[in-house]
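With the sequences and hints as input, model every part of the structure.
2 protein chains.
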Amino acid sequence: MAPNIDINAQTATDMKNSRARASIDLQTIRDYLFAGRSNWETHVKLENVLRKESLFDKSNKEFIGRVEAYRRALAITRRLTELQRLHGWTKEETAQATSILSEVLPVTLHDLAFEPVFVGQGSPALMAEYWGLVTHKGIQGCYLQTELGHGTNVVRLETTARYLPETQEFEIHSPSLTSTKWWIGGLGKTATHGIVQAKLILPGGTDMGPHLFLVQLRSLEDHSVLPGITVGDIGPKAGGGMAATDNGFARFDHVKIPRKNMFSKFAEVTEDGRYIKPVNPKHSFGGMMYIRATMVTSAGWTLARGITIAIRYTTVRRQGELDANGLERQVITYPSTYYRLLPILSRAYVFIELGRQTTKAFSSLKERIGKGEFDYLAEIHASLCGLKVLVSTATVKDLETARRALGGHGYSAFAGIGRLYADYLPAVTYEGDNFVLDGQVVRAALKSYKSLASDPNRRLGSHSYYLRLQKDDAIKRPVVDASTWKDPRAIIHLLEWRAALAVKDFARTVDEPDAGINQRLARAITEAFVATQVGEMIAGLSKLPQLEAGVIGDLYHLYLMTTAEEAFVDLFSLGLLRHGADEVDPTRELRLAIKANCSQLLPNAVGLTDSFSFSDWALDSALGVFDGRVYEELWRRVQLEPLNQTEGTPGYEESLKPMLQQGRMIASQAKSRL
Amino acid sequence: MAPNIDINAQTATDMKNSRARASIDLQTIRDYLFAGRSNWETHVKLENVLRKESLFDKSNKEFIGRVEAYRRALAITRRLTELQRLHGWTKEETAQATSILSEVLPVTLHDLAFEPVFVGQGSPALMAEYWGLVTHKGIQGCYLQTELGHGTNVVRLETTARYLPETQEFEIHSPSLTSTKWWIGGLGKTATHGIVQAKLILPGGTDMGPHLFLVQLRSLEDHSVLPGITVGDIGPKAGGGMAATDNGFARFDHVKIPRKNMFSKFAEVTEDGRYIKPVNPKHSFGGMMYIRATMVTSAGWTLARGITIAIRYTTVRRQGELDANGLERQVITYPSTYYRLLPILSRAYVFIELGRQTTKAFSSLKERIGKGEFDYLAEIHASLCGLKVLVSTATVKDLETARRALGGHGYSAFAGIGRLYADYLPAVTYEGDNFVLDGQVVRAALKSYKSLASDPNRRLGSHSYYLRLQKDDAIKRPVVDASTWKDPRAIIHLLEWRAALAVKDFARTVDEPDAGINQRLARAITEAFVATQVGEMIAGLSKLPQLEAGVIGDLYHLYLMTTAEEAFVDLFSLGLLRHGADEVDPTRELRLAIKANCSQLLPNAVGLTDSFSFSDWALDSALGVFDGRVYEELWRRVQLEPLNQTEGTPGYEESLKPMLQQGRMIASQAKSRL
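Quick mapping for you: the protein sequence lines, in order, are chains A and B. For the first sequence, the positions run 268 to 941 when the numbering used here is used. For the second sequence, the positions run 268 to 941 when the numbering used here is used.
These are calculated hints, taken from the structure and not from any lab test. Check the hints yourself; a few may be wrong.
Sample of chain B residues at the chain A side, in silico, Cβ under 7 Å [as the list claims (entries may be wrong)]: (1) G399; (2) T419; (3) K456; (4) P503; (5) A505; (6) G587; (7) A591; (8) G675; (9) R845; (10) R858; (11) Y898; (12) E908; (13) L910; (14) G918; (15) G930; (16) A934.
Glycine included, each C-beta is placed from N, C-alpha and C at the ideal position.
Shown next as structure tokens:
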């Protein structure tokens with residue numbers, strides 16, 4: 268018979284015991300994750316302000332429709348702006364506060380796309396008129412690129428901006444239904460102004476391709492949509508994602524804007540309608556690259572949320588076999604569970620650190636571009652494409668793996684992972700569809716490979732450094748044995764070899780590629796780069812105390828091992844791993860090494876998620892509550908469900924009652940006929 | 268310059284041209300999918316009735332909250348019952364109509380779980396009193412098994428049913444918060460009666476483990492919840508899935524029910540409280556097995572929906588490179604697209620046919636059990652576990668792959684795949700968590716393996732027939748070369764070998780398994796079984812005309828090839844595939860064969876999805892409309908979005924206006940300070 272225990276008390280005890288088992292110092296790890304104590308202190312300062320705001324309460328979120336969600340998001344935005352001024356937060360602090368808040372807001376693209384275009388491409392005249400309004404949010408901006416019929420292939424956008432020399436205006440026009448701007452964040456209901464990407468048509472009719480133009484969309488008096496413009500919201504999203512954002516559409520019917528509204532820092536149309544070429548079109552690079560760089564960090568913190576929920580819940584959830592105390596086993600102690608979850612934990616850590624390295628690299632790139640140095644630009648561009656694909660693909664997959672590890676309760680909205688997933692999901696298609704980006708990664712690698720073949724002394728950037736391995740045939744391929752998996756450097760080396768050989772193989776068969784090559788190859792290339800980055804992270808751990816460095820090192824090692832495990836097919840097909848004459852399964856050593864590494868990390872699993880330092884308010888998950896009392900929290904939240912606010916059944920009188928009555932009548936007739 | 272075309276007209280033309288390219292006869296394929304012309308005619312008859320009902324209109328579905336969705340579902344249910352009587356539909360026809368309707372309804376579990384328990388385990392007395400009410404839906408039933416704290420491990424359920432001999436009653440009781448029944452479909456608001464799984468406690472206090480009891484939950488007068496019972500809805504689901512179903516919770520406070528309410532066809536409690544053992548507990552098997560069997564079919568039709576949308580949209584969506592006419596290429600013509608989509612199409616076809624074979628096999632099993640023949644019961648049970656895992660895992664993954672192939676528009680709720688996904692998602696955890704079921708598959712296989720080792724002459728059932736291969740060491744392992752992939756039988760044989768060797772390898776290392784073994788091994792075992800089933804399907808194609816048999820044969824061949832491709836790691840690690848001395852990539856031949864097969868299928872892709880015969884009403888997807896005019900349909904649906912019903916912005920006055928004004932004030936102050 269089952270021992271008579273109070274499972275609620277047991278969950279709290281399980282959580283306490285798990286914390287007690289941790290060997291690491293949480294503050295050390297936390298400061299590492301936050302890149303320094305002072306960032307953490309800022310975090311605490313900001314969160315203490317945010318949590319006190321009743322507007323920022325999350326308890327009603329799952330029950331409201333889009334209109335209410337939008338209204339709530341606007342109110343939050345306003346309050347956030349007030350708080351910023353009240354507390355004198357810097358731009359960075361406000362960004363950090365927004366990230367802590369973790370709400371979908373309709374104004375995100377103002378900061379992420381609208382403002383940067385002004386900084387990067389606004390002419391002095393445009394800046395003089397608008398910059399104050401942009402930066403102080405006296406206007407709300409959006410960025411109109413994608414059209415109903417055109418996404419990836421920007422060259423085929425249909426919207427036109429025809430220059431009229433007689434009035435010195437551009438005429439913005441949507442010539443067809445499919446030219447309707449679509450998916451534009453903040454456009455549907457919020458934005459007063461938009462940066463419109465449109466084909467510049469010169470007076471003679473010459474199409475100069477896409478350029479950017481500032482168009483006022485709504486009146487600053489009463490927010491009504493201006494004449495000639497049709498604007499609306501594009502409707503609900505898959506899985507109810509991004510409900511509070513007004514992704515919108517817009518059509519322009521010969522809308523006139525002044526000549527200076529063209530973003531013309533680098534290319535210009537003169538008063539009489541001549542086109543002045545950009546000094547160097549590479550200057551206008553950067554906007555989307557910057558967003559992709561930030562996506563690495565945000566993927567890391569999104570995974571951090573998901574994995575905190577999953578590790579906490581599987582720590583207190585007991586199910587199945589009995590342990591020594593006659594209790595069912597904690598779900599996380601099953602190998603099939605921790606083998607799914609701890610690699611996700613490792614990816615959260617890696618992506619957070621990788622994001623830091625990436626934005627740093629991007630900043631220094633921007634500096635160099637500012638000085639007119641464009642070396643490695645194409646390569647870094649391709650690398651950011653690859654990173655964007657890698658982190659977004661992994662994050663979507665991992666969130667669902669984490670959700671599934673919660674068992675049945677993972678399907679409850681109160682578990683919290685469903686919303687993370689639905690809101691994160693578009694990351695695999697926005698800022699460049701992942702499948703298209705893979706092609707860019709492959710093309711860039713092939714180019715590097717060829718230029719290396721024609722000039723063996725060419726200096727390789729860090730993004731194609733792996734190609735050195737096939738430069739010199741004398742370099743021997745690594746021999747894989749049990750010791751390989753114990754040594755992070757050996758795994759990194761192996762992953763570089765895989766990428767190098769895969770590119771070489773592709774170059775040889777480029778005329779008859781198989782249908783999955785772009786995805787496979789882009790992955791191999793990006794994983795080699797990330798592996799070398801992880802190598803640097805491991806080297807950087809020497810700054811930490813030995814114990815904490817060891818545990819995070821184990822996590823990074825796990826990242827490399829599971830990357831290699833996922834690459835088994837490549838390793839085999841490229842001949843880096845072979846089935847020996849001894850008939851022993853050559854995958855077994857790595858698989859057992861992964862299991863051993865996970866077992867070793869397990870006592871610190873809760874500690875490593877605690878170090879992300881999500882408050883219950885920030886995490887907003889019934890299954891991820893800090894104290895482990897998950898069932899009480901589920902019970903509490905269920906009471907808020909609108910269907911439970913009355914005992915009655917909606918539709919009872921008109922549908923259920925007559926149906927039941929009819930059924931009973933027929934049953935009784937049938938009975939009496941017997 | 269881009270040619271001046273009307274993209275809307277182009278989409279229609281592209282769709283028409285694609286249809287014209289099909290070589291297959293659609294009616295032949297359709298009749299094959301529907302298992303005969305007469306089923307198809309019934310389908311048409313039913314759909315013609317359903318489509319005319321204004322209640323069954325779907326255009327508002329994406330905009331309503333749960334309360335409204337529930338109310339709508341009840342109204343639909345009532346109307347469906349009326350239509351059934353009006354048109355004299357049989358039970359099978361009603362089930363088919365419900366499937367065509369494809370709506371989440373709160374009454375599903377009445378048919379799927381409540382009624383079958385009556386049939387299978389109701390005593391004659393219980394049947395006499397309730398059967399008419401059950402079958403004519405004079406009462407609405409639910410099935411209460413899962414508890415807040417317990418899912419998989421039924422033995423640990425906490426709810427008790429204590430027998431009181433003095434009054435000849437059972438007392439149903441929930442002793443703790445975690446014993447609260449949870450996730451019960453139809454319980455929250457709809458059900459009047461429930462079958463409660465509870466531990467039977469005899470007067471002496473002996474715990475006889477879980478048994479089933481009928482408990483009335485709500486008054487038949489006014490639907491109010493009966494005394495001692497607390498009932499409610501458990502709240503929203505991940506991704507807004509299953510919104511219209513009232514999955515509920517229930518707690519029982521010493522609720523008394525008459526002795527006859529125990530389902531006692533096989534086990535009984537006498538008036539004075541003695542327990543009469545079940546004749547053969549295997550008789551009570553079957554309920555969950557039946558549901559799992561039907562899940563194969565429903566997975567097939569769910570995939571059919573998703574892939575119809577994806578193939579139609581990628582046929583009319585043009586993007587990227589220019590084709591011979593100066594138009595951008597149809598997205599489906601990119602290898603990276605069709606390589607993702609056509610294997611999904613093959614799985615839809617395989618699962619539909621496999622579901623038919625499975626339910627047939629299950630029916631004959633039931634017959635045999637009825638006659639007291641229990642051979643292969645355990646094996647078929649394990650096999651159904653494996654099938655359930657295989658189809659639900661593949662379907663969730665494929666739906667997301669199909670959604671992603673739609674590019675950015677795939678994230679719109681109007682695309683339709685998001686809802687399919689959210690509603691289907693729980694299939695990976697309900698009716699047995701997939702990770703737990705994998706363990707059962709592995710245990711059963713190991714048992715078969717061992718009993719074969721101890722008795723080499725043991726007759727193997729079809730589910731473990733692959734084990735014959737390691738019975739006789741003299742049988743040579745297959746040699747894989749290019750010809751292997753051209754021959755479906757060779758691939759089936761290879762997949763059987765893979766399963767046989769994997770089980771053998773597992774048996775050898777069972778004391779030190781790696782952490783992913785259950786998932787990997789269960790997959791190998793189930794895929795071997797399914798492969799042999801596909802072999803039978805291919806054999807059965809001889810009944811079709813040669814051309815159609817050839818095309819569906821290609822699809823089945825594709826299924827086998829991509830199964831083998833996904834199994835590369837196993838094939839390598841078990842030594843079935845090897846990197847030869849010639850240094851040629853041994854995966855290349857299969858990959859090119861897959862590409863060639865896909866190219867060959869491509870002209871029939873739209874035809875093969877048209878054969879599923881979804882009307883636009885049934886498919887309910889803007890991107891999957893039959894005529895290809897996707898952009899017009901997106902535009903039409905967007906106009907229905909509640910946010911677009913007024914030009915105004917919700918929250919403008921209270922939030923946005925003051926925020927913008929404040930921003931402008933600050934901007935103007937800053938300017939005047941300059």
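Are there hints from earlier that the structure breaks, and if so, what are their numbers?
Structure breaks hint 7 only.
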